[in-house]
Amino acid sequence: MHTKTLYELSKLLHEGDISSVELTQHYIDRIKTHNNQLNAYITVCEDNALKQARDADQKIQQKTAGKLTGIPIAHKDIFCTKGIRTSCASKMLDNFISPYNATVVEKVNTAGMVTLGKTNMDEFAMGSSNETSFYGPVKNPWDNTRVPGGSSGGSAAAVTANLAPVATGTDTGGSIRQPASLCNLTGLKPTYGRISRYGMIAFASSLDQAGPLARSAEDAALLLNEMAGFDSLDSTSVERDVPDYTTTLQDSIEGLKIGLPKEYFSEGLDPQVAATIEAAIKTYESLGATIKDITLPNTGLAVPTYYVVAPAECSSNLSRMDGVRFGHRCDDPKDLLDLYQRSRGEGFGEEVKRRIMTGTYALSSGYYDAYYLKAQQCRRLISNDFQQAFNDIDVIMGPTTPTTAFKLGDKTDDPISMYLADIYTISTNLAGLPGLSIPAGFVKGLPVGLQIIGNYFDEARLLNVAHSYQQATDWHKQSPPSFE
Amino acid sequence: MSLDKKDVEKIAHLARLAIDKQAIPSYAKDLTNIFNLVEQLSAVDTTDITPMAHPLDANQRLRVDKVTEANQRELFQEIAPKTEAGIYLVPQVIE
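Line by line, the protein sequences are chains R and C. Be aware that the first sequence starts at 1, since it is given in the numbering used here, and climbs by one per residue. Be aware that the second sequence starts at 485, since it is given in the numbering used here, and climbs by one per residue.
No lab work stands behind these hints, which were simulated from the structure alone. Hints are not guaranteed to be accurate.
Claimed, not checked - Quick list of in silico lysine-lysine cross-link-like pairs, DSS-like style, CA-CA up to 27 Å:
#1 R:Lys411 to C:Lys550
#2 C:Lys550 to C:Lys513
#3 C:Lys490 to C:Lys505
#4 R:Lys91 to C:Lys566
#5 R:Lys107 to R:Lys11
#6 R:Lys91 to R:Lys67
#7 C:Lys513 to R:Lys91
#8 C:Lys566 to R:Lys82
#9 C:Lys494 to C:Lys513
#10 R:Lys51 to R:Lys107
#11 R:Lys334 to C:Lys513
#12 R:Lys334 to C:Lys489
#13 R:Lys82 to C:Lys550
#14 C:Lys550 to R:Lys334
#15 R:Lys107 to R:Lys67
#16 C:Lys566 to C:Lys550
#17 R:Lys257 to R:Lys292
#18 R:Lys411 to C:Lys513
#19 C:Lys490 to R:Lys334
#20 R:Lys292 to R:Lys282
#21 C:Lys489 to R:Lys407
#22 C:Lys550 to R:Lys91
#23 C:Lys505 to R:Lys334
#24 R:Lys407 to R:Lys444
#25 R:Lys107 to R:Lys59
#26 C:Lys489 to R:Lys411
#27 R:Lys4 to R:Lys107
#28 C:Lys494 to R:Lys91
#29 C:Lys494 to R:Lys107
#30 R:Lys32 to R:Lys4
#31 R:Lys334 to R:Lys67
#32 R:Lys11 to R:Lys91
#33 R:Lys91 to R:Lys32
Said to hold, decoys possible - Just the calculated beta-carbon pair ranges, DEER-fashion:
#34 C:Ala542 to R:Phe265: 30 to 38 Å
#35 C:Asn517 to R:Gly255: 43 to 51 Å
#36 C:Arg557 to R:Lys262: 54 to 62 Å
#37 R:Arg85 to C:Ser486: 39 to 47 Å
#38 C:Arg547 to R:Asp293: 43 to 51 Å
#39 C:Arg557 to R:Ser319: 17 to 25 Å
Beta carbons: idealized from backbone N, C-alpha and C, even for Gly.
Build the full structure now, drawing on both the sequences and the hints.
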């Protein structure tokens, strides 16, 4: 039951072969058996899930159900869920029961999906390995001595280990695509503004975007259909129709023009990962695509630009966590300053403090022009590179990450080495473009992800391009043997 | 560039963060490394480049000035650390 695609599950539910209660209970049982090994979930919502499942079964019987009604889903613990703890994997919000639903949660609830639980993540989504979580690291289901990637590491591990059929994630610098790559999943970061950010706890507001983590492009398309759309509650949400992403999956990719940026195949890229990506490109050629070498000359500026823009925005966003209206408050504050400082000092972990301080310094008096303004100008240069490239090509391809999953603890002592894990994904967020990672093969038993970047609002094309590859290959069907 | 103990203490104060005294040297080292990485940007010629604050260059949407939200004070204060008579309590600010 837990290896079926969303279409297959939908068919079983609608034809009455299984009930949503049975399906939900099956996943809850699997979570109970396997979550200890992986630490993928922070909170499991058994009672609430079974209640949602009963409602779904009723809708199916009354023939008022949609395609995804009754299908379970896991939400990254960054999405506010009414009445359910929403911790963002931080001690700061360990006691935070959200009084409202994020729009994404509201939308998938309306579609009749069943929330299994809230998945582990890097604290406030700051990290690339899921090791900064207050609740401890998540293990990669392919090798439990390795990281699943981050920050949506719990969602990725849960779907990979078949502890959820599909999950939500968020991506500020690669946090959907990098774990998808390290865990053998299909993960999509849509265009900035495509999915509402309302109720998604903010890290860097001009970069954050939600998206699906799934086992195939088809599953991702089905979930994106429900997640995407205009929302008046998010002032940066885009008023633009949402196509049915499943209707174009089967389109031919004959004549597709693929650009390969030379900067994504240079030093730092593991040679075996490079070879795997090159083989995937060959497959695309055999499917009728044409290849063009391109250049994104300002790629090298992406990481330094990001580490000004993202911390600057985070230092501002996280100032709302002050121990006054919600979240952690220190014991016996002697005055208001002490209340702020100790509540925040105790509530935030090391990496979050590091980023708040980085952002505070970059925005402090006398440094704004040198850091923040300069970074915003470099951001424009990075974005211009992409627009230049899209004059001649349809999509850009390259590796999602420079290496396969690294060992737990390998990069925790050196923040910069961790930041470089996102070297190929960060530019996309800076430009606001959609990007997707799909399984492209294995190196020494560990998954390799192929990244596909599209122009603004080209999600349908990305999913079509990914689906075509998945019709010709079966990498995405591989599961870690201990979780089959 | 290099950030020292005093810089870290000043930044932590601006950010309203209490940090362990013993952790200051490692913060100084990490922040120095991060800003050395960022320093690369200073070599880039950005003359006449318009800063990009937002990916879509969208305009701020306006809405009609009408009350749409119901008052949910009790619900919101259920999760507050300390309240009294509908008010959030903090240590005394004015003597």
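Restraint check for Lys505 (chain C) with Lys334 (chain R), where alpha carbons must lie at most 27 Å apart:
holds, 19 Å
Taking only the CA atoms, is the gap from Lys82 (chain R) to Lys550 (chain C) under or equal to 27 Å?
holds, 25 Å
27 Å limit on alpha-carbon distance, applied to hinted pair Lys334 (chain R) and Lys67 (chain R):
With a Cα-Cα distance of about 56 Å, the restraint between Lys334 (chain R) and Lys67 (chain R) is violated, given a limit of 27 Å.
Assess, step by step, whether the Cα of Lys107 (chain R) is no farther than 27 Å from the Cα of Lys11 (chain R), and give holds or violated.
holds, 21 Å
Does the structure keep Lys566 (chain C) and Lys550 (chain C) at a Cα separation of 27 Å or less?
Cα-Cα ~31 Å, so violated.
Please work out if Lys32 (chain R) and Lys4 (chain R) have their alpha carbons no farther apart than 27 Å.
holds, 20 Å
Cβ distance range 17 to 25 Å for Arg557 (chain C) and Ser319 (chain R), holds or violated
For Ser319 (chain R) against Arg557 (chain C), whose Cβ atoms are near 22 Å apart, the range 17 to 25 Å holds.
Given the hint that Lys91 (chain R) pairs with Lys32 (chain R), test it: the Cα-Cα distance must not exceed 27 Å.
holds, 24 Å
Holds or violated: Lys107 (chain R) and Lys67 (chain R), Cα atoms, limit 27 Å.
Holds: Lys107 (chain R) and Lys67 (chain R) sit about 13 Å apart, inside 27 Å.
Need the status of pair Lys490 (chain C), Lys334 (chain R): alpha-carbon distance at most 27 Å?
At roughly 24 Å apart (the allowed maximum being 27 Å), Lys334 (chain R) and Lys490 (chain C) satisfy the hint.
Quick check: does the Cβ-Cβ distance between Arg85 (chain R) and Ser486 (chain C) fall within 39 to 47 Å?
holds, 42 Å
Starting from Lys494 (chain C), check that the Cα of Lys107 (chain R) is at most 27 Å away, please.
Between Lys494 (chain C) and Lys107 (chain R) the Cα gap is close to 44 Å, so the pair fails against 27 Å, i.e. violated.
Checked against the numbered hints above, the structure violates hints 1, 2, 6, 11, 14, 16, 21, 22, 29, 31, 32; every other hint is satisfied.
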